[in-house]
Amino acid sequence: MDLNLSPDEIKFRDELRTWLSAHAPTDWDERREESMESRFEYLKRWQRKLYEGGWAGISWPKEYGGRGASLMEQVIFWQEMALAQAPPLANVLGLGIIGPTIIAFGTEAQKKRHLAKILSAEEIWCQGFSEPDAGSDLANVRCEARLDGDHYVVNGQKVWNSYGWAAHWCELVVRTDPNVPKHKGLTVLLVDMKTPGVEVRPLRQMTGETEFNELFFHDVRIPVTNVVGKVNEGWGVAMGTLMHERGTFGAGLQITYRRNMERLIDLAKTTERNGRPASEDPVIRQKLAQCYAEIEIMRCNQMRAFSRINATGVPGPEGSIQKIFWSELNQRFQQVAQEVMGPYGQLEAGDDHAIDNGMWAYGYLRSRGNTIEAGTSEIQRNIIGHFVLGLPKSY
Amino acid sequence: MDLNLSPDEIKFRDELRTWLSAHAPTDWDERREESMESRFEYLKRWQRKLYEGGWAGISWPKEYGGRGASLMEQVIFWQEMALAQAPPLANVLGLGIIGPTIIAFGTEAQKKRHLAKILSAEEIWCQGFSEPDAGSDLANVRCEARLDGDHYVVNGQKVWNSYGWAAHWCELVVRTDPNVPKHKGLTVLLVDMKTPGVEVRPLRQMTGETEFNELFFHDVRIPVTNVVGKVNEGWGVAMGTLMHERGTFGAGLQITYRRNMERLIDLAKTTERNGRPASEDPVIRQKLAQCYAEIEIMRCNQMRAFSRINATGVPGPEGSIQKIFWSELNQRFQQVAQEVMGPYGQLEAGDDHAIDNGMWAYGYLRSRGNTIEAGTSEIQRNIIGHFVLGLPKSY
Amino acid sequence: MQFGLSESQQILKDTAHKFFAGESPVAAVRKAMETETAYDAALWTKLAEQGFTGIIAPEEFGGMGLGKVELILLMEEAGYALLPGPFFSTVALAGTVIDACGSPEQKKKYLERIAAGQARATVALVESAGSWDTQGLKISSAGNKLTGTKLFVTDAAVADFIVVVARDGVFVADAKAPGLHIEPMKGMDLARKIYSVEFKDTPAEALGNPRGLAGALNVATAGLCAEMTGGMQRTLELTVAYAKTRKQFGKPIGIFQAVQHLCADMYLETESSRSATYYAAWALEENTPDAAASVSVAKMYASDAARNVGNRGIQVHGGMGFTWENDIHLYYRRAKASETMLGDATFHRERIARRIIDEASSGNKKERPRQAALASR
Amino acid sequence: MQFGLSESQQILKDTAHKFFAGESPVAAVRKAMETETAYDAALWTKLAEQGFTGIIAPEEFGGMGLGKVELILLMEEAGYALLPGPFFSTVALAGTVIDACGSPEQKKKYLERIAAGQARATVALVESAGSWDTQGLKISSAGNKLTGTKLFVTDAAVADFIVVVARDGVFVADAKAPGLHIEPMKGMDLARKIYSVEFKDTPAEALGNPRGLAGALNVATAGLCAEMTGGMQRTLELTVAYAKTRKQFGKPIGIFQAVQHLCADMYLETESSRSATYYAAWALEENTPDAAASVSVAKMYASDAARNVGNRGIQVHGGMGFTWENDIHLYYRRAKASETMLGDATFHRERIARRIIDEASSGNKKERPRQAALASR
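Residue numbers (my numbering), protein chains in the order written: chain A, 1 to 395; chain B, 396 to 790; chain C, 791 to 1167; chain D, 1168 to 1544.
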């Protein structure tokens, strides 16, 4: 056990840190009022800069334009990005999920066609995975693709799609064989979003945002050359894809949480509670300390998990405790923030009295999604019960 | 809605209160160190006194020696008993459960033979219901009774039996037909505990007490005249019996909780915390107030439920929220008590430094049983989900 | 002893339920909440026709003269329907304060108009400290003129007059009075808008009996708890209905204990909140010694329960619960706004602590516990 | 960066696991706990032969000179086995304090005997106020003589000497010294007995460097957290095994989500407690700026988690979990005793609050967050 960085890791971190301090823009936070489109163009420019600096696709093999970074280097990457408060990446799905999928399962032609443009953010990618009737039951995909000559004809619907409105391409999971059990008849297709019959509709969330979209496919013709991996073996391709989501990307999260925590402590010092600063109220102090401790434990759990993945090569089902921990912790934290702020906590962006321009009201509402997105807390507990503890399958 | 007592209820209460203040012994608490047997003889004498005063079996019809009290009068009875800190009743199962069962389902001969002796505590009763393999799955009874002439021959085991060591009689649920679905082949027998082949073994709990027993039956011969209700229809008899457990007996509980609460507040005033009384510590104050409020809500929930039973005639599945509420509340309360007392909380009876002679350590450990006994919290939530909310059966 | 509704109480509740379902269905709520004030004048007229605007105003001032229990039954149904606009502000808050603090002439002037549906009103109390504790207020009158700013004032923009709680009394200011300036705030509850109200040498009329304030705020708080309970009930029903129909892994999700037990907890919390609220209303009506404490018990519990019920309801709904089109978030937003309104759980716990720790006479262990009052009357 | 055990650390842990399973199975624990002291001399000799009594004592005093991480791995396995007797008191508590506070001569005199297995010891700190806060202690020495009473002293009856934390220093008193009187207390943990220790003009030797105390108590606290984690692990395993075999309604109860999710939460809490404890040990070893805070994080979390894991474990066991014959309550009893030992969750939360609120420089928002230290070395 040695939590110090190795000399190589220090070198990587220092190089990245130097680059970020020279190149990472500092005005992202100020752009909240701009249009979604204008903000996204900004993010594309930022990713382009990362690409030119050699910092896009750091986990990708060097032969495909990546940096071949080790797992710990990836962890460091996301931590440094969070520390520098760098803007997010425009093509985060392409870089983190779809690129690696094409590298692992794609044809040479697909690699040649797509990978470089993912790295440079020239082409943005989204995913078509969830469906109205396939929420926690991921294999229950109904969006169908019928073979017609050298094309598949796609009909169906997807929901909870991110970036669809901005995307050039979509990694789509479709049912190519309706006559076999659920997991078996699925196929992954690469879909040009400009293909006739593809429709993107914004889906409004309880926060008021349209962070997600619905995708509709009406007789969309996709060449068979766009199949990734083998026909009817899309479940394995898609699962390999999802495993990446449990990877290092979350390493920056605890740094973001810690920053929110520090901001909340500052607010508690200036918020009045019973005639003195809330930060001196023993009840509030207990709650703040609890949040701090949980963020620390989230960090330690993550680091232990990354070390385990490093040793074994693959993320295991233990990743479910990370998911449960960060999502439920954020919900508890947002509630504590509300208690510190009292009635001010409910004020949304655009109110002059709102603290941090409504970020806390937004954070509170948005956090409800945390225990639903990327596998509900219930599903995660099923995974722990069955796959980690060996209890019988409960669903 | 009128929470004031009616003139009749006031009359009942005043009469009882007067009687209790003249007759209820005040030295029960001091007898904790005596032997179990000596304490039980004391309780029998106390019940005899209640009987002679006309206060035993208050819910029983007058024709069977009861008082024919209304539901609200029963509620008042248990509350006044708790307020007077009167000792418990020796024959609590006989009075509250088995007597009413015999009245409802028994033969004239059974009524004549048993009821008066239950009231006077001349004969103490216990129940043989739970089995090692029938915990939450109540219908899974295996203790079998084979017909042999005019007797049933009983073989099997029961657990979680109260008062078995002191009991003269047992209301026993046995399987008389193994060839029909679980609920169907059960029968209720009245078993003389002196019948050859009946063995009582104390079962030690985590508290160190032997509050419960195991009962073993080896070729125990019971006359067929001791069947209650019809053969193979024991499930209905036993369920009618269990319904009584959700009745008014619990009405005294909130008064006991409230007394514990007041004691804890007194302790908090004399316990040091950070150089001042714990009762001035805002963190402790929040927790004490939360307990107080929950006890209040338990009281209000109970009163609403009693009023509903009064209107509809039967306790409904909503009784499950009472069970969940009192059991989980007591666990939270005991933990708050531990936090108030700090390391003193762990001290058991017999330690000179123990607060209230270890009652709090005992209460903490004993409270773990609350969410298990009389239907686990999980079973209660199943009942609410299925029978109250109409969700599909989940087990 | 009868802790259930009387026949006339049940009729009132059923009538209100049907009225709101018919006159203010959720489609209408959504329409109202998109407006600047969430106020629907036509609906208000109908509320007045039902007599709801005068539910607890004394008959001599044109009201129905009903009790606190009747008020909270109405509020519970209003909460169930997520009634938009200034009903709570006008009737449960301003009306109650005027009834408790006003002279007969003032009641005639203000309460009668409320009861008749001719005026809307609200109460301005919270200042920049964000607290509902009236002890810490800073604004005071100078020759019946008010100067300063009140925040989180519900429905101020549609109020005809505003009851202002100041350091030295309770005042009524006409909404059009000089120096009175109203600015919208952007709160989470879309169906009950909040405002900052600024006073600059604004003339205001002092109410005759400001000592009635605490009692009136207790009544308003019980009303708010009832509204919250109604919201919980609706959230529970929406959630159970969804759990019965939504299928995953080939079964309705309600068959999974993880989901079913969330629903069971929602039921437990909703019923418990209802019990506590009904008791508080009765205790206020009967003026029992524990009336104030019982209000704090109810608000403390409802503040936490409404949030928990909402959390669980959204969770059971999964992604659907996170969408704008699903109604559950509208209730969730109101639950959050109501959580802090008239004091959050921490505030009321400390109020309870003062009563049970500081005010209770220590060492007097043989005293009969107060909660036995139920059985002792 | 490697947050996993090294090969030698893993070997140590495995060895300890096997040793305790073989030499101190639960039947032996039950036998020991029925004795007055829960001390088994034969077992102690074997512990010494393994070198465990000298695990962190420096080699110059006959120890193995291993680090804090190795100590907690050993304590974790001791906790898993519910090791009875004075191992924690002697090695993690008294040994650590003497190592941190003693002069070389004192270490030779006391620590060497501990390391060699020739002496058992403990630390007496808590007074009648029941607090582990050393600031509030009342007993002070007068010419190296102690007078007063210490409570909740673990394993005092089998200690050869007792380390006494006083207002004005840290002292060592021989267990047979005049005026020293030991009385058993009846604690919940049956396998680690506690005592009151009374001093009347008892001669005691002042340790040379009392300032080392806080650091030593941090190490002991990390050790206790590890022991608690081991207990959680065992409780989890017992519970999962039961959930796989116990049948109700014709199925193993572990198939029901209500049961399965209780197990999943137990797993989450056990692993989280382990992560926090390992980190604390490493931070202490490396003397990082957050070392003390990391100990409080671990103890705060373990105090709540050990209780919760026990609660859930008993619940899953149903009636069986409530019996004396089932081992789970033995762990539960230790969890409760350990919960308050060396400070409960509330105590450590306030310690954390002091660090993150009071000591952190306000307004310095651009400061790099400290937790990035992991990635910043």
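Quick caveat, the hints were computed from the structure, so don't treat them as lab data. Worth double-checking, as some hints may not be accurate.
With a straight-line cut-off of 20 Å between C-alpha atoms, the simulated DMTMM-like cross-links for lysine to aspartate or glutamate are [stated by the list, open to error]:
id : chain 1 : residue 1 : chain 2 : residue 2
1  : D       : 1275      : D       : 1227
2  : D       : 1353      : B       : 747
3  : D       : 1353      : B       : 539
4  : C       : 1041      : A       : 137
Taking the hints in turn, this is what the structure says about them:
Distance restraint check for residue 1275 of chain D and residue 1227 of chain D: the Cα-Cα separation of roughly 9 Å lies within the 20 Å cut-off, and the hinted pair is therefore satisfied. Distance restraint check for residue 1353 of chain D and residue 747 of chain B: the Cα-Cα separation of roughly 9 Å lies within the 20 Å cut-off, and the hinted pair is therefore satisfied. Between residue 1353 of chain D and residue 539 of chain B, the direct Cα distance comes to roughly 44 Å. Violation of the 20 Å bound is thereby established for this hinted pair. As the CA atoms of residue 1041 of chain C and residue 137 of chain A are separated by approximately 11 Å, the hinted pair is consistent with the 20 Å bound.
Checked against the numbered hints above, the structure violates only hint 3.
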